[in-house]
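Full structure from sequences and hints, please.
As a plain string of letters, each chain reads:
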Amino acid sequence: MLTIKDLHVSIDGKEILKGVNLTVNPGEIHAIMGPNGSGKSTLSNVIAGRDVFEVTQGEISFLGKNILPLTPEDRACEGIFLAFQYPVEIPGVSMTNFMKAAIEAKHAYHGTTPPSAGEFLQMIKEKQQLVGMSQSLTGRAVNEGFSGGEKKKNDIFQMAMLDPKLAILDETDSGLDIDALKTVAEGVNTLKTNDKAFIVITHYQRLLDYIIPDFVHVLHDGKIVKSGDKSLALELEEKGYDWIK
Amino acid sequence: MQTITSYIHHIQQQSNNTQAKQLFAEYEAFPIPTKRLEDWKFKDTQDWFTSLYTFTPPSKITQQQLDAAIESLQFDALLVFENGLYHNSFSRPNSIASAITNDFEADIPHCTNKFECASLIGAQSGAAIHVAAKHEKQHVLIVSFFQGNQSYSLQKNRIYVHADSHIIITELQISLSDEPIRINHSVSIKCMQKSSCEYTSVQHLGSKTELIQTISCLQEQESTCTISNFPISGAYVRTNVYVDKIAPHSHAFLHGFFFPAAQEHFETYVEAIHNAPECETHQLYQGIAKDTGIGVFSGKLHVAREAQKTNTTQNNKNILLSKTAKIHSKPQLEIYADDVSCTHGSTTGQIDNEALWYMQTRGISREAATKLLLKGFITDVISKVSNESVKNAIMKALENKL
Ligand SMILES: Nc1ncnc2c1ncn2[C@@H]1O[C@H](COP(=O)(O)OP(=O)(O)OP(=O)(O)O)[C@@H](O)[C@H]1O
Ligand SMILES: [Mg+2]
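Those protein sequence lines, which keep their order, are chains P and B.
For the first sequence, counting from 1, position 87 maps to 83 in my numbering; every step adds exactly one.
For the second sequence, counting from 1, position 44 maps to 36 in my numbering; every step adds exactly one.
Worth flagging that the hints you see were computed from the coordinates, not collected in a lab.
Worth double-checking, as some hints may not be accurate.
Subject to a maximum C-alpha distance of 25 Å in a straight line, what follows is the list of computed SDA-like cross-link-like pairs (lysine to any residue) [stated by the list, open to error]:
(1) B:Lys363 x P:Thr67
(2) B:Lys393 x P:Gly88
(3) B:Lys282 x B:Thr371
(4) P:Lys147 x B:Asp372
(5) P:Lys147 x B:Thr371
(6) P:Lys222 x P:Asp238
(7) P:Lys96 x B:Ser375
Okay, structure coming up:
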């Protein structure tokens, strides 16, 4: 589904990703861990298409298609979703208008009919319940004045609404209380099907008790230096990153 | 063809009214604004005084033009003017709204600037709105048309809102051609005890039309005055908003949105005078500028020593969409009382790239995301307009500029 080959990425002439290789197949959950500043968010931003980062070498293909020339919006319509480490506040734009624009864009891209106003509202209601987001939040401007945890939940709500094929969750667990963490994880597990994949970036083994990964990778200084199964996360929790370097 | 000074000089000479003579003396006392004066430094208005103009071009507007202008709007009374003269057949006056007939009324206020003096002396007509005590709230629509090559129009609207009564007024100023047109307009509002007045001013002007207007409001005890201005198009639109609180517990809400594009230049100069205690003034002005558009916001606040417990806020947020667009923002506070709360904030920046990026990752194109973001920005101010039909019309006009 997602194939990354020898990916090198720079910003302002500084190399941040130094040859990343990663293959994600449908139905898989990959966890990426690694110390602060190792390039985890950079990798997720580059997959989603942020243009401030320069890809100097390597390839990213998604569902057999080279996505490097695609705009972020086209990548989203192709089925890539990024839950932000720091979701952005958009004053003056209501959650409803935001989601409506996103859903309509997706349908326009695929030439399909968008849901009717009634269906759309019904969908909002369902997905809200799924991720345990309070109804009052969808009546407000996007993330404006939301608490840290509410913003994270909102990203998961948006993921549920847009139903992506590949979702990258960048430290979605940071800032969530234990109940919220469980609800979000349940949401992810409900959305998980055989044709979908998740990349879960986290610092804590705790999240992986709820979202069980098939693979765990350690990103260090712009490279994946170790890959393993779920037990690698436990080992990291115990020993830290020093032994890998 | 003559200059504005010779035109109004002639009018005050012919009139035996002492008010006219007094206003003319005030007019003469104000210097001709030059860019050296702090309040006039962004636009040269010399030619308003030195050029020769036609003051009463023949009438031209048609019923179709009026219908197109008021199409979607709801109102209780309609007053139509063309180049400052009342249009009897097109108007639908009622018991509270009609046109000024007598030239000078008893308590004409002092003028606050040279343009306002000229308008008060030279205008032959304008809206006359007298809301009697405890009258139910109505919406009066004023449509003022302007046309005529090298024409100069003067109009004055007078609004008296008596104690315990309420009124909503919307004025559309429309120029019908791309000829050089000058409009000098004044609105004098008096809000008596416990009354309220909401005045919304909207300009749809041609590419060579310049308009300068002063909207002033004198506020008595516990009155509420809301003044909003929305220049939609025109070469130059300057609105001076002046509120003067002479008794306690009077509140003013002042709003505006300016969106200069191409060569447009829009200015709002606000002055709030607090002479009595426990009054409030809340200002919200926002702007977007693109191409080589220029926007100016100046917000002056004067709190006298006796105006204790004054509470004011001033907010000015601007977005520049191009490197060549400019917005100047100037808050000025003069506070002589010690027990007051007066806050102000001003920001001018580019469109929020992080917000655009966030929306793009949800599949929304950069262009659509920009529109959504700017629409949200505009809505902040437009939502202050209480008449739904007016609100929607302004929103639509501004969205068309995006
Ligand atoms: N816009 C930017 N400009 C300059 N440097 C950047 C930029 N974005 C990221 N970097 C740098 O790239 C490196 C990797 O950052 P990144 O955010 O990808 O790390 P991370 O692994 O997500 O860290 P954390 O665990 O703290 O979230 C850091 O050294 C960071 O300072
Ligand atoms: Mg990060």
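Hint by hint, here is what the structure shows:
1. A distance of roughly 18 Å separates the Cα atoms of Lys363 of chain B and Thr67 of chain P; the hinted pair therefore holds under the 25 Å criterion.
2. Taking the CA atoms of Lys393 of chain B and Gly88 of chain P, the gap is near 18 Å; set against the 25 Å cutoff, the hint holds.
3. Restraint check for Lys282 of chain B and Thr371 of chain B: the C-alpha separation of about 18 Å stays at or below 25 Å, so the hint holds.
4. Taken as a hint, the Lys147 of chain P and Asp372 of chain B pair is honoured in the structure, with Cα atoms around 22 Å apart against an allowance of 25 Å.
5. A distance of roughly 23 Å separates the Cα atoms of Lys147 of chain P and Thr371 of chain B; the hinted pair therefore holds under the 25 Å criterion.
6. The hinted pair formed by Lys222 of chain P and Asp238 of chain P meets the criterion: a straight-line CA distance of about 12 Å does not exceed 25 Å.
7. A threshold of 25 Å between alpha carbons decides the hint, and for Lys96 of chain P with Ser375 of chain B the separation of about 21 Å falls inside it, so the pair holds.
In this structure, none of the earlier numbered hints is contradicted; all agree with it.
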